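Put together the whole structure using the sequences plus the hints.
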Amino acid sequence: MNLKEALDALKIAFANFEKAARSDDKTSLQNALALSEAKDAFATADDTPTIVVFADINRFKAINTEYGYAAGDAAISQIGLLIYENIT
Amino acid sequence: MSERLQYPIGIEYREPRPRGALGGALLGALFGYGLAQNSGGAIAGGAIGGALGNQSLPLNEALRQKFAEKNLGIISFYRLGTHAAKILFRHNKAYWTLESRTPESPEMNLEQIEDWLYGDLVQKLDDFLSQNDLRLQP
Numbered sequence: 001m002n003l004k005e006a007l008d009a010l011k012i013a014f015a016n017f018e019k020a021a022r023s024d025d026k027t028s029l030q031n032a033l034a035l036s037e038a039k040d041a042f043a044t045a046d047d048t049p050t051i052v053v054f055a056d057i058n059r060f061k062a063i064n065t066e067y068g069y070a071a072g073d074a075a076i077s078q079i080g081l082l083i084y085e086n087i088t
Numbered sequence: 001m002s003e004r005l006q007y008p009i010g011i012e013y014r015e016p017r018p019r020g021a022l023g024g025a026l027l028g029a030l031f032g033y034g035l036a037q038n039s040g041g042a043i044a045g046g047a048i049g050g051a052l053g054n055q056s057l058p059l060n061e062a063l064r065q066k067f068a069e070k071n072l073g074i075i076s077f078y079r080l081g082t083h084a085a086k087i088l089f090r091h092n093k094a095y096w097t098l099e100s101r102t103p104e105s106p107e108m109n110l111e112q113i114e115d116w117l118y119g120d121l122v123q124k125l126d127d128f129l130s131q132n133d134l135r136l137q138p
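Residue numbers (the numbering used here), protein chains in the order written: chain A, 1 to 88; chain B, 1 to 138.
One or more of the hints may lead you astray.
[Stated by the list, open to error] Negatives, chain B to chain A, calculated, CB over 10 Å:
#, residue
1, Y7
2, P8
3, Y13
4, R14
5, S76
6, N92
7, T97
8, S100
9, P106
10, E107
11, G119
12, D133
[What the hints assert, rightly or not] With a straight-line cut-off of 27 Å between C-alpha atoms, the simulated DSSO-like cross-links for lysine-lysine are:
#, chain 1, residue 1, chain 2, residue 2
13, A, K26, B, K93
14, B, K93, B, K66
15, B, K93, A, K39
16, B, K86, A, K19
Simulated from the structure, these hints should not be mistaken for laboratory data. Since the structure is predicted, the reported quantities are computational estimates derived from the model, not experimental observations. C-beta: ideal position from N, C-alpha, C; glycine also.
Here's what the structure looks like:
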């Protein structure tokens, strides 16, 4: 591998790290770090409409108990996808 | 540089995790990013890792890289004790799991176990994708 290929691979890896650091594995939604950075950006922006949504999944534990953790993680992922598709 | 890893006699061969400068660089970048939380840390870590050379990524990261090459994202990685692993991923609007367990062999060390699980899960993913794509054809 030459230097250019190594640097290109590092750039891709870095972009992946940046994305991973600011998103949740299971939902792909932005995480607390991204929220904190967005909050700072909103605080300095004028006239930017901002919505904060707090959501909870009722009786979620039953999914894990009944079908296992993988099914629970799939459910969280699907809910994250629904939120993403309907709010963004 | 990549070398063919040897497993104990009687263990069926599986493709090991990628080794060499890229693996070392990515591993270094991971650590660099973890320490500094910025691109400078990742690049510096990558340079150090690349210089160190013949390293492999941890199983979780190696699998995530492989899945990313196929435009798939791993939702969850489960380590089921030392000898087994399971992954959850999304494909064609459905959720799937793949699981692998190494053959019983007290002679396999941790590196060999990680490599074997990687190769087995990659092989199972390839089989899954080819079967799934065939099934989806009209």
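### Task
Hey, is B/Y13 genuinely clear of chain A, shortest beta carbon separation above 10 Å?
holds (25 Å)
### Task
Run the C-beta distances from B/P8 to all of chain A and say if the shortest one exceeds 10 Å.
Fine: 30 Å to the nearest Cβ keeps B/P8 off the interface.
### Task
Could you check that no beta carbon of chain A comes within 10 Å of the beta carbon of B/T97?
violated (5 Å)
### Task
Could you let me know if the closest chain A CB is still more than 10 Å away from the CB of B/S100?
Consistent with the label, B/S100 stays out of reach of chain A, its closest Cβ about 14 Å off (over 10 Å).
### Task
Find the nearest Cβ of chain A to the Cβ of B/E107 and say whether that gap is larger than 10 Å.
The claim stands: B/E107 keeps its Cβ more than 10 Å from every Cβ of chain A (closest is about 31 Å).
### Task
Decide if the proposed pair is consistent with the structure: B/K93 and A/K39, CA atoms, cutoff 27 Å inclusive.
violated (32 Å)
### Message
Verify this label for me: B/S76 is non-interface relative to chain A, using a Cβ-Cβ cutoff of 10 Å.
### Response
Given a closest Cβ separation of 4 Å, the condition is violated.
### Query
Is the Cα-Cα distance between B/K86 and A/K19 27 Å or less?
Since the Cα atoms of B/K86 and A/K19 sit roughly 23 Å apart, the hinted pair holds (cutoff 27 Å).
### Pair hint B/K93 and B/K66, alpha-carbon separation not exceeding 27 Å
Distance of about 20 Å is within 27 Å: holds.
### Task
Over 10 Å to the closest beta carbon of chain A is the bar; see if B/D133 clears it.
holds (21 Å)
#### Entry: Pairwise hint evaluation, B/K93 against A/K26, where the allowed Cα distance is 27 Å at most
holds (15 Å)
### Message
Verify this label for me: B/Y7 is non-interface relative to chain A, using a Cβ-Cβ cutoff of 10 Å.
### Response
The claim holds: B/Y7 sits with its nearest Cβ about 26 Å from chain A, beyond 10 Å.
Checked against the numbered hints given earlier, the structure breaks hints 5, 7 and 15 and satisfies all the rest.
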